[in-house]
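Trainee: In order, the protein sequences belong to chains A and B. Using our numbering, read the first sequence as starting at 1 and increasing by one per residue. Using our numbering, read the second sequence as starting at 1 and increasing by one per residue.
It should be emphasised that the hints constitute simulated quantities derived from the structure, not laboratory data. One thing to keep in mind: the hints can contain errors.
Unchecked claim - Partial chain A-side listing against chain B, Cβ under 8 Å, derived:
1) A155
2) E197
3) R266
4) V281
5) G284
6) A361
Since we're looking at a predicted model, the values are computed, not measured. By construction, the Cβ of each residue, glycine as well, lies at the ideal position given by its N, Cα and C atoms.
Number of protein chains: 2
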Amino acid sequence: MAAPKFEDLRINGTRLWGSLMELAAIGATDKGGVCRLALTDLDKRGRDLVVSWAHAAGMTVTVDKIGNVFMRRAGRNNALPPIMTGSHIDTQPTGGKFDGNYGVLAGIEVVRTLDDHHIETEAPIEVAFWTNEEGSRFVPVMMGSGVFAHAFSLATAYAATDVAGLTVKDELTRIGYVGAEEPGDHPIGAYFETHIEQGPVLEDHDITIGVVTGVLGIRWYDCTVTGMEAHAGPTPMALRKDALQVATRLMQEVVAIAHRHPPHGRGTVGMVQVHPNSRNVIPGRVKFSIDLRNSTDAIVDAMGAEIHAIAAELATTSGLPIQIEQVSHYPAQSFHAECVEAVATAAGRLGYSNMPVVSGAGHDAVYMAKLAPSGMIFIPCKDGISHNEIEDAKPEHITAGCNVLLHAMLERAKIV
Amino acid sequence: MAAPKFEDLRINGTRLWGSLMELAAIGATDKGGVCRLALTDLDKRGRDLVVSWAHAAGMTVTVDKIGNVFMRRAGRNNALPPIMTGSHIDTQPTGGKFDGNYGVLAGIEVVRTLDDHHIETEAPIEVAFWTNEEGSRFVPVMMGSGVFAHAFSLATAYAATDVAGLTVKDELTRIGYVGAEEPGDHPIGAYFETHIEQGPVLEDHDITIGVVTGVLGIRWYDCTVTGMEAHAGPTPMALRKDALQVATRLMQEVVAIAHRHPPHGRGTVGMVQVHPNSRNVIPGRVKFSIDLRNSTDAIVDAMGAEIHAIAAELATTSGLPIQIEQVSHYPAQSFHAECVEAVATAAGRLGYSNMPVVSGAGHDAVYMAKLAPSGMIFIPCKDGISHNEIEDAKPEHITAGCNVLLHAMLERAKIV
């Protein structure tokens, strides 16, 4: 059988779905989700299964010192850097079947499809899975790709401990995934990552493919308002120093600031601690988190400046001290124009509805974008929900995203 | 030595302060407070000490079945119902030296003063201490006076358990304070209670004596706003169902409503639970307490109706369900005009600055007011703080409040 023409080439959606379900059985939860935390026995079983599929597809497998796994299908010119795809297979404690896993198995399915049709590519194809993307068990998140991109050191990652005090180094050794390769010592020609959107935009617009143009910049702050705790009964309104009343005004402003910076502004207060948190005591101290995001660092910085200015004014008018401390900061990252274009072109050629989107969440692709031309492909997920056992995606979208990946990778890798 | 004229009669402030400090040594904490929870060994030691002082002052002591203790100084006409004062000697876990204890020992000091001057009263004088006013170890609060006033049954009180599962009945038996008297089977001619203000009003006005006109009515609600939890990054502002943003608007309104109902309106959100309370997750559910108070039940009801109406409107405009459930309700209580007048007259005669105040907190006197003409005397406490180990009061205010008590009680009991 002759290989179909490039534009007629399609992946096998049934086979991909079957592999997703088989991998999801490892660590399956009663509610239909997956709990397969990084570097656990279950993670080892998941890794071993994916590696066995790579071997079955004739790929060679290498592992680096932080446990990132690279599964390689040779090209005609193996001196060329590989066209790579990948993601992660570790999950949240109450994770779903698709987050991360889809990106890895979509890569395996691309290789299987090329094998089906005996298609040789000019550049090699590689499928990677990165260690501990979720960061649920060990911080920092996106650990494997972060070490690979020299965002932080291997020693830092090795020393990270879980709540039981076990280190990444020891757990990685225990499950047998400390490789010989120096992290980062691995050229990449281009990188694509397929992922569920983890948000509601595509579903809301009834669009199949999100052409990801970049990842939002993020600033995380802790804000503390200090008042004076007092008995709710005997303390007249005029004599109160109610930390919660000042804090709630600032919480309103976090959202208002995001609305003032459309279309990509995000403002979230996710965590609130009230002290002493007693029904009949006026709160003496309220601590809460602020999460600001936008498409460029300049806009995120402007949003941060606004919240600081409003807090300063509120502190003056209320007389209550307000402290804002930045706790984390992730720069915005634009994807490479050629990779973005390759995704858009592939989606258009395949006849899938598509739109440019930004990623509000971090992904391994953010680190890869610092090393090589990179892009991402989003597909809708049900109700925009992820990091939840009810996370779900439609088989036709899973198939569509993988077809786009196939075409985008082939455009970069070149068919011989 | 002839007795001084009525208007020249004064208590012995040094002796009263000494007794307060001696009682405060039982359960004293490192930070200068007192931890003497109801029906513990420490409570027994405190009770025994006060009873020994009563015996030393020639008083007779009776105990009722809920452990309320009545210490009686005979009058000339013992058929008359006693003029009573009292309070409680149990404390909060991080309580102070004065809350409750002052009201009991001020009564003992009144008797000692009468003894000093060989003054006989027409009606008998009684000093009571009520079991478990604080409610820290066993609920309901104001347990002894509540059973006495038939607000709830002796069986209900007996069955209350602490966190270790011990019952009031067993603990009361263990410390030897189950008396023979039926609770409530004890006539009262009039009741006065001296107490630290537990609020900042007197200190703020630099006033020595608060003439308490009544106790605020209280409504307690639990409010739950239900949104949809979602990832803070990928979810655009327009597609969010942020429970916290709706909840914080309602929290602002709780305070605004109190300001709209001066001078006695109080509105407090003391307790907040955010779910899942994670930095990068939009809150899916927020539960918080609402505490509304005012001087009459009609006004408190109007405040409650306002918060319900605002919540209904917010639920409609936001699309997020808001549930408000009333969890407790304490009616407002006015004190008896003659008792209020007796306190004001005494303060004026003694030359103490004084002003009418309301009590924002509950006291045993609230239950007594249902049984007999009652009144309360407040003195300032430092920074309005109570239920705290740093609770403090000035010796001159302690003395002043006790002098007012003496004069008010004598006005009702009549000097022979």
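Trainee: Among the hints numbered above, which are violated by the structure, and what are their numbers in rising order?
Mentor: 1, 5
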